[in-house]
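Colleague: With the hints as your guide, set chains Z and A onto chain F.
These protein sequence lines are chains F, Z and A, in that order.
Counting from 1, one number per residue, gives the positions in the first sequence under this note's numbering.
Counting from 140, one number per residue, gives the positions in the second sequence under this note's numbering.
Counting from 279, one number per residue, gives the positions in the third sequence under this note's numbering.
Derived by calculation from the structure, the hints in this document are not laboratory data.
No experiment lies behind these values; they were computed from the predicted model shown.
Even glycine gets a Cβ: it sits at the ideal position worked out from N, Cα and C.
Errors might be hidden in some of the hints.
Unchecked claim - Heads up, incomplete: computed chain A residues facing chain Z, CB under 10 Å, no partners named:
# : residue
1 : S324
2 : R359
3 : L374
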Amino acid sequence: MRQALHRLQIHTKHKGLVEITTQVSAWAERQKITAGLLTIFCRHTSASLLIQENADPDVRADLERFFDTIAPEDGKRYIHRTEGPDDMPAHIKAALTQTQLAIPVASGRLVLGTWQGIYLFEHRRAPHPREIVLHLLGE
Amino acid sequence: MRQALHRLQIHTKHKGLVEITTQVSAWAERQKITAGLLTIFCRHTSASLLIQENADPDVRADLERFFDTIAPEDGKRYIHRTEGPDDMPAHIKAALTQTQLAIPVASGRLVLGTWQGIYLFEHRRAPHPREIVLHLLGE
Amino acid sequence: MRQALHRLQIHTKHKGLVEITTQVSAWAERQKITAGLLTIFCRHTSASLLIQENADPDVRADLERFFDTIAPEDGKRYIHRTEGPDDMPAHIKAALTQTQLAIPVASGRLVLGTWQGIYLFEHRRAPHPREIVLHLLGE
Chain F
1 MRQALHRLQI
11 HTKHKGLVEI
21 TTQVSAWAER
31 QKITAGLLTI
41 FCRHTSASLL
51 IQENADPDVR
61 ADLERFFDTI
71 APEDGKRYIH
81 RTEGPDDMPA
91 HIKAALTQTQ
101 LAIPVASGRL
111 VLGTWQGIYL
121 FEHRRAPHPR
131 EIVLHLLGE
Chain Z
140 MRQALHRLQI
150 HTKHKGLVEI
160 TTQVSAWAER
170 QKITAGLLTI
180 FCRHTSASLL
190 IQENADPDVR
200 ADLERFFDTI
210 APEDGKRYIH
220 RTEGPDDMPA
230 HIKAALTQTQ
240 LAIPVASGRL
250 VLGTWQGIYL
260 FEHRRAPHPR
270 EIVLHLLGE
Chain A
279 MRQALHRLQI
289 HTKHKGLVEI
299 TTQVSAWAER
309 QKITAGLLTI
319 FCRHTSASLL
329 IQENADPDVR
339 ADLERFFDTI
349 APEDGKRYIH
359 RTEGPDDMPA
369 HIKAALTQTQ
379 LAIPVASGRL
389 VLGTWQGIYL
399 FEHRRAPHPR
409 EIVLHLLGE
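With the rest of the complex left out, here is chain F (with noise of 0.2 Å):
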């Protein structure tokens, strides 16, 4: 049994779902362990992770749709406006959804199901650097 861990930068350019499937996966595939667990954690509070449909672009739309009508960019909803209108929106989007992820990995390949892409859900309006941490145990 051993283990590996890789910080990913991702740099994102505005509110959305970013596909890391890849980047994770060839990540994942390069460490050779044939069994074992992909942790995939993100170190930030108003950006998150979420496994969704890769197939239909318009099923993120949707998605993004769905989470700004839930936490509008309406101050005169939050206390905490300090940081910008969709810095509080974005604490609430990222308690909605996920902080970290775990992935069987089996034959060498992540137990991903076939339409299952991993994203990066980026809540704030300006880029900015993002940082994942994959961790693998295996053999």
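Modeller: Just chains Z and A, lined up with the frame of chain F:
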């Protein structure tokens, strides 16, 4: 330290929470791992996982109604409609719950609390074959 | 590769986010694991876990208010009312947040971001004894 992997097939009949605690616990206990970590991964984006109370079935009914209210089958809200009126609500409900759960194992058993059950949450109206990957690591 | 398990007892006083970063980090660091994976598991269905900003307390107040708004203590909405008006909202809030978190360990420390804190989210009004299982795997 060793690991075991299993693919659990669940045939859902309709929308709602399906308890899978017995199947998951039974498989985990058969691996004769005294201490370790169980990961449960759902290979779908219109079904998800949840740990919830398994005592009063009214809790499940109220949870299902809450998610139907927050993500209603209302075509006007969504661009993605080609797979039926229940498909985009399904993706939203999956985003709000879990694709993956991890549960420590101690003394050969999952450390679930007294009232905790593991559920597959089917979000589509029609019956679906669902595949859940179980990964156990420990000794 | 070795593992350690600990049961952390938290006595909550009322509804809201209780920071547990110090207790969790201190236990993890005492295990002298340089690299590995920490799993935090909440053994309850009316309390949950969350990683959120630990700088401005207004973020916590806004998060708590958001969850109170989305799952209000409104008896007419729920069938399950026998355990009090705050019980079904508690289950909904737990379903929308996390029962379990996993955080990689590198250089003997959790890889939490600068502003990330680990919180136990108490959803019941009355004080409750809560048990959190910590599982650390690594070397």
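Colleague: Decide, hint by hint, whether the structure agrees.
Modeller: Hint check results:
Restraint check, S324(A) versus chain Z: the minimum CB separation of about 8 Å is within 10 Å; hint holds. Against a cut-off of 10 Å between C-beta atoms, the interface hint on R359(A) holds, since the closest Cβ of chain Z lies about 8 Å away. Hint on L374(A) holds. Least Cβ distance to chain Z is approximately 6 Å, under the 10 Å limit.
When the structure is compared with the earlier hints, no violation turns up for any of them.
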